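Undergrad: Given the structure of chain A, go ahead and fit chain B onto it with the hints provided.
In order, the protein sequence lines correspond to chains A and B. For the first sequence, position 15 matches number 15 in the numbering used here, and the numbering has no gaps at all. Take the position in the second sequence, starting the count at 1, then add 1000; the result is the number in the numbering used here.
Quick caveat, the hints were computed from the structure, so don't treat them as lab data. Since this is a predicted model, take the numbers as computed values, not measurements. Built from N, CA and C at the ideal position, the CB exists for glycine as well. Each hint should be verified, as a subset may be incorrect.
Just a sample of chain A residues kept apart from chain B, beta carbon distances all over 10 Å, derived [claimed, not checked]:
no., residue
1, 24
2, 55
3, 63
4, 73
5, 167
6, 180
What follows is a list of derived Cβ distance ranges for each label pair [what the hints assert, rightly or not]:
no., chain 1, residue 1, chain 2, residue 2, range
7, B, 1077, A, 166, 51 to 61 Å
8, B, 1061, A, 63, 31 to 41 Å
9, A, 87, B, 1077, 35 to 45 Å
Take a look at the letters that make up each chain.
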Amino acid sequence: MTAGNEELELKDRLSLIETMIAEGRRTTESYGWTFVLWGVAYYVAIFWAALGHDYLAWPITMTVAGVLTAVIIARKRSKNPATRTSRAIGSIWYAMGISMFVLLFSLGFSERAEPHTFIAIMAAMLATANAASSMILRWKLQFTCALVWWALCVYACFGKSNQLTIDNPLTIAFLAALFFCQILFGIYGMILEARRCRMAANHA
Amino acid sequence: MPELPELNPVIHGKLRLALLSLLVGVDEAEFTWLRSKTGSTDGNLGAQLLKLEEAGYVAVDKQFVQRKPQTIYRMTDAGRIALTEYVQALKQLLGGAMGR
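Excised from the complex, chain A in its bound form:
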């Protein structure tokens, strides 16, 4: 083999390493649907609770949404290997979900779930998870969602009402935040993910 051929082969190996590392990290995972699912679940819980069944609405809706999320993620996970980034982001959301479940259920059963505190806690937790994910992904749009949740958290700390009725300004603010930061953001995420999958398929 000539020196020129040898050099070409070595460069070819280096380029192969770079291509394969990029290929391994190129993820086709999709999580936009989780935002939409949970956004819809919160809407169902709020409207169901407004009908006067709040002791059933939140526990049932949240449990069903949690089980659905776990089942769909387990099915999708078998097709794609986890990258370190996806594991890091997943850990944040799992930990937040468990904290929210434990805290809000305990508050509910101990009858200390005053609506303003309830929403302030939920907003603060959602802000934390969104902010941490956006910092890992360097995604400004998701950080904007975190800012919206923090603003709602501050707003929820003021005022006092015993019922989260639909005409309550806090309920309206909560529904608006859910619409923009869960449903719209989730749909936008799904569009981006679909585009990325198409690009990956074309690349293959």
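TA: Quick look at chain B alone, frame taken from chain A:
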């Protein structure tokens, strides 16, 4: 003049190098995912993965998911070190080749 390094022959094979480079970016990967990424045949892929396993560069785990068998591969610490050393040697050789 410093002596040029030898390239690790286990890693130097194109498919084996591709497999290690894929595995370095993920926690673990299933056989079918590796096959789709490398475009290799089952037989060739299995043979090359066996060589990497014998060298201690990948660890294999066989399991059943929804009654379907799955073979999961992950890179070992030895594999990670070997790949790093291979890349360093490659860069050194290329540096030498450029200097000729």
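Undergrad: The structure should be examined with respect to each hint, and the outcome stated for every one.
TA: The hints, checked one at a time:
1. With a cut of 10 Å on Cβ distances, residue 24(A) falls inside the contact zone with chain B, its closest approach being about 3 Å.
2. Non-interface call for residue 55(A) relative to chain B: holds, since the shortest CB-CB distance, roughly 36 Å, exceeds 10 Å.
3. Distance check on residue 63(A): its Cβ is at least 23 Å (rounded) from any Cβ of chain B, clearing the 10 Å threshold; non-interface status holds.
4. The claim that residue 73(A) is not at the interface with chain B holds, since no C-beta of that chain comes within 10 Å of its own (minimum 14 Å).
5. With a cut of 10 Å on Cβ distances, residue 167(A) stays outside the contact zone with chain B, its closest approach being about 48 Å.
6. Under the 10 Å C-beta cut-off, the non-interface status given to residue 180(A) relative to chain B holds; the minimum distance is some 33 Å.
7. Checked against the hint of 51 to 61 Å, the C-beta distance between residue 1077(B) and residue 166(A) comes to roughly 57 Å, which is consistent with it.
8. The given range of 31 to 41 Å is respected by residue 1061(B) and residue 63(A), whose C-beta atoms sit roughly 32 Å from each other.
9. In this structure the hint that residue 87(A) and residue 1077(B) lie 35 to 45 Å apart at CB is violated, the actual value being about 18 Å.
Of the numbered hints given earlier, the model fails hints 1, 9; all others are met.
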